[in-house]
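In order, the protein sequence lines correspond to chains A and B. First residue of the first sequence: 1, per our numbering; consecutive thereafter. First residue of the second sequence: 1, per our numbering; consecutive thereafter.
Any given hint could turn out to be false.
[Said to hold, decoys possible] Only some residues are given here: those of chain A computed to face chain B with a beta carbon under 10 Å:
{"#": "1", "residue": "Ser100"}
{"#": "2", "residue": "Leu119"}
{"#": "3", "residue": "Arg323"}
[Claimed, not checked] Chain B residues, not near chain A, derived (Cβ > 10 Å throughout):
{"#": "4", "residue": "Met1"}
{"#": "5", "residue": "Gln8"}
{"#": "6", "residue": "Gly39"}
{"#": "7", "residue": "Leu76"}
{"#": "8", "residue": "Glu196"}
{"#": "9", "residue": "Arg263"}
{"#": "10", "residue": "Asp264"}
These are calculated hints, taken from the structure and not from any lab test. Every residue, glycine too, gets a C-beta built ideally from N, C-alpha and C.
There are 2 protein chains.
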Amino acid sequence: MYTIDEIQKLINDYIDNQKFEGEPKELYAPIEYILRQSGKRLRPTLCLLACDLFGGNIEECMVPAVAAEIFHNFTLVHDDIMDQAPLRRGMETIYKKWGSDVAILSGDTMLIKAFQYVLNTDNKYRYEVFAELCKVALEVCEGQQLDLNFETRDDVTLKEYLEMIRLKTAVLLGSVLKIGAIVAGADKKSQDVIYEFGVEIGMAFQLQDDILDCYADVDVFGKMIGGDISDNKKTYLYLYALDMAIDEDEKELRKLFKMPKGRDEEKIKKVLEIYDRYAVKHEVMAEIEEMFDCAIMRLVTELDVDAERKNVLLDYAKYLYNRNK
Amino acid sequence: MYTIDEIQKLINDYIDNQKFEGEPKELYAPIEYILRQSGKRLRPTLCLLACDLFGGNIEECMVPAVAAEIFHNFTLVHDDIMDQAPLRRGMETIYKKWGSDVAILSGDTMLIKAFQYVLNTDNKYRYEVFAELCKVALEVCEGQQLDLNFETRDDVTLKEYLEMIRLKTAVLLGSVLKIGAIVAGADKKSQDVIYEFGVEIGMAFQLQDDILDCYADVDVFGKMIGGDISDNKKTYLYLYALDMAIDEDEKELRKLFKMPKGRDEEKIKKVLEIYDRYAVKHEVMAEIEEMFDCAIMRLVTELDVDAERKNVLLDYAKYLYNRNK
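Work out the full structure: start from the sequences and follow the hints.
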């Protein structure tokens with residue numbers, strides 16, 4: 001079996017050797033630009049980890065793993081247009097650097113490229129990988145649309161929020177793990193278990209992002225806290241606080257989140273005071289921990305694979321869970 | 001063999017019976033909206049015609065034909081954002097009706113849906129259909145990017161313009177015909193001939209659009225002529241005129257196409273006068289005719305199929321060629 005470092009090196013080397021250039025260069029330069037950025041490459045990593053866990057040949061899994069990474073970056077490119085986001089991973093977004101027309105079109109091209117990559121997988125499982133990628137791609141769009149809907153709604157429930165993050169970010173983690181399992185020839189039950197594990201850790205990570213945005217150690221986090229509050233983003237913390245708050249606090253919180261977007265230290269302070277009044281951080285962190293533990297237990301107890309084979313994936317999940325940025 | 005009316009009825013019935021709805025409805029309502037509009041459905045028609053020409057079972061071809069129609073409509077949805085187009089087929093565009101965020105996202109969803117449709121084709125040719133759809137989808141994006149590039153360039157050549165329309169619109173006609181041939185089990189040579197035929201008629205039709213926009217019979221055309229001139233669109237006519245015009249006319253033409261966009265009868269009149277001075281309409285129509293005749297001859301002479309089997313497709317191409325709107 002491979003270590004996490006070996007797997008990440010294999011992925012980085014493989015992606016470094018891919019060519020994303022083409023003509024016209026105005027279309028392909030942005031694709032090179034974003035795919036050359038060294039992010040966590042979480043999705044291909046999970047894909048190969050799952051393949052290795054089930055004893056598959058991870059070389060065979062490289063193509064669908066990269067397809068997933070390209071697909072994920074496509075969603076970032078289009079999301080950044082909708083969010084009018086200037087920065088991503090500390091660099092200018094394609095939207096900011098080249099404008100929205102190019103961002104739409106190079107995003108489209110990346111989505112097609114992701115599917116084209118899958119064509120190069122072995123005939124044995126090409127169809128299954130394709131079907132999984134289509135299914136999850138639609139779900140991610142649905143999640144993004146729910147997120148857009150929430151911006152103008154005042155009555156989003158915690159349950160709806162969880163469904164939104166499930167679709168927008170968590171299912172893709174489930175799918176890349178499942179794709180790794182498919183390539184390794186794992187049985188249907190194992191595919192389902194590892195998929196559910198991925199969805200659960202995906203949701204836990206996403207809720208952690210909500211927490212970190214408010215409570216991270218600024219020196220480690222690398223940016224100022226309170227970004228979501230400044231953007232009036234209805235995070236799980238906000239919805240949780242609304243749910244718990246008594247009349248006056250609820251009114252105040254709603255009022256604060258109707259202020260114009262933009263940094264306002266006084267507003268952030270007031271929001272965090274309300275959160276503190278209802279122990280929001282503590283309560284939400286407890287929920288996240290339960291979610292994460294449930295995922296770990298699922299992998300430990302429900303997956304019919306030698307315990308030691310699970311360790312690399314489990315350790316990686318725990319490492320991600322304990323991140324503080 | 002089927003008549004053109006039979007084929008079009010089969011397609012319309014088939015599409016009418018497809019469900020494009022889903023949740024969240026904000027994402028799927030626009031998809032229903034555009035796919036329920038009764039356009040020419042040129043691409044699925046060509047796909048089935050080719051399948052029938054080669055003696056294939058057109059029922060089997062229905063799924064990839066619809067995939068091509070969904071793909072084509074995806075391109076319209078995203079193009080309309082870039083063009084900020086308010087109307088399409090006499091109805092509000094998705095961009096205008098729901099805004100650009102929804103247009104981006106429902107367009108993305110349509111692109112994924114198109115690929116998902118292909119999953120439902122027979123395993124015999126699924127891979128080939130997929131590969132063709134990926135290839136042509138990338139080309140269409142490349143063509144659209146060239147079109148965007150041309151907006152800010154002053155030195156576009158006629159050759160570059162032809163390459164742009166080849167990629168942006170013509171290759172898709174070639175590919176749908178080729179996909180019909182693939183499903184029918186036609187040999188590689190036949191697939192190539194019908195592909196080239198499609199590309200050539202596609203280019204002829206696109207150049208005809210440039211002509212119609214300036215010279216159509218307004219009563220039949222259904223809208224005012226001179227739209228491209230009002231939009232400063234560098235059409236083949238414009239580039240041809242620039243190429244032919246002597247110094248003063250060239251200067252004048254460039255100046256007219258630097259005026260602010262928007263309807264200006266005086267400007268349209270001046271541009272058309274310059275076009276007339278160089279017999280642009282006549283010359284370009286002659287080129288189109290040559291292109292079209294070349295396509296017809298290719299199908300007649302290079303395709304190893306009984307002559308009478310070719311007639312439905314040939315008649316349909318001629319019918320489209322003789323349209324005046």
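Comparing the hints with the structure gives:
Restraint check, A:Ser100 versus chain B: the minimum CB separation of about 8 Å is within 10 Å; hint holds. A hinted interface residue such as A:Leu119 counts as satisfied when its beta carbon comes closer than 10 Å to some beta carbon of chain B; here the least separation is about 6 Å, so the hint holds. Annotation: A:Arg323 was flagged as interfacial toward chain B, and the flag is violated, the nearest CB pair being 29 Å apart, outside 10 Å. For B:Met1, the non-interface assignment is confirmed: its Cβ lies about 32 Å from the closest Cβ of chain A, beyond the 10 Å cut-off.
Every C-beta of chain A lies more than 10 Å from that of B:Gln8, the closest at about 28 Å, which supports listing it as non-interface. Every CB of chain A is more than 10 Å from the CB of B:Gly39 (nearest about 21 Å), matching its label as outside the interface. Separation of B:Leu76 from chain A is adequate, the least Cβ-Cβ distance of about 13 Å exceeding the 10 Å criterion. The Cβ of B:Glu196 sits about 21 Å from the closest Cβ of chain A, beyond the 10 Å cut-off, so the non-interface label holds.
For B:Arg263, the condition that its CB be more than 10 Å from all CB atoms of chain A holds, with the nearest at approximately 24 Å. For B:Asp264, the requirement that its beta carbon stay farther than 10 Å from each beta carbon of chain A is met, with the minimum near 25 Å.
Taken one by one, the earlier hints fail for this structure only at number 3.
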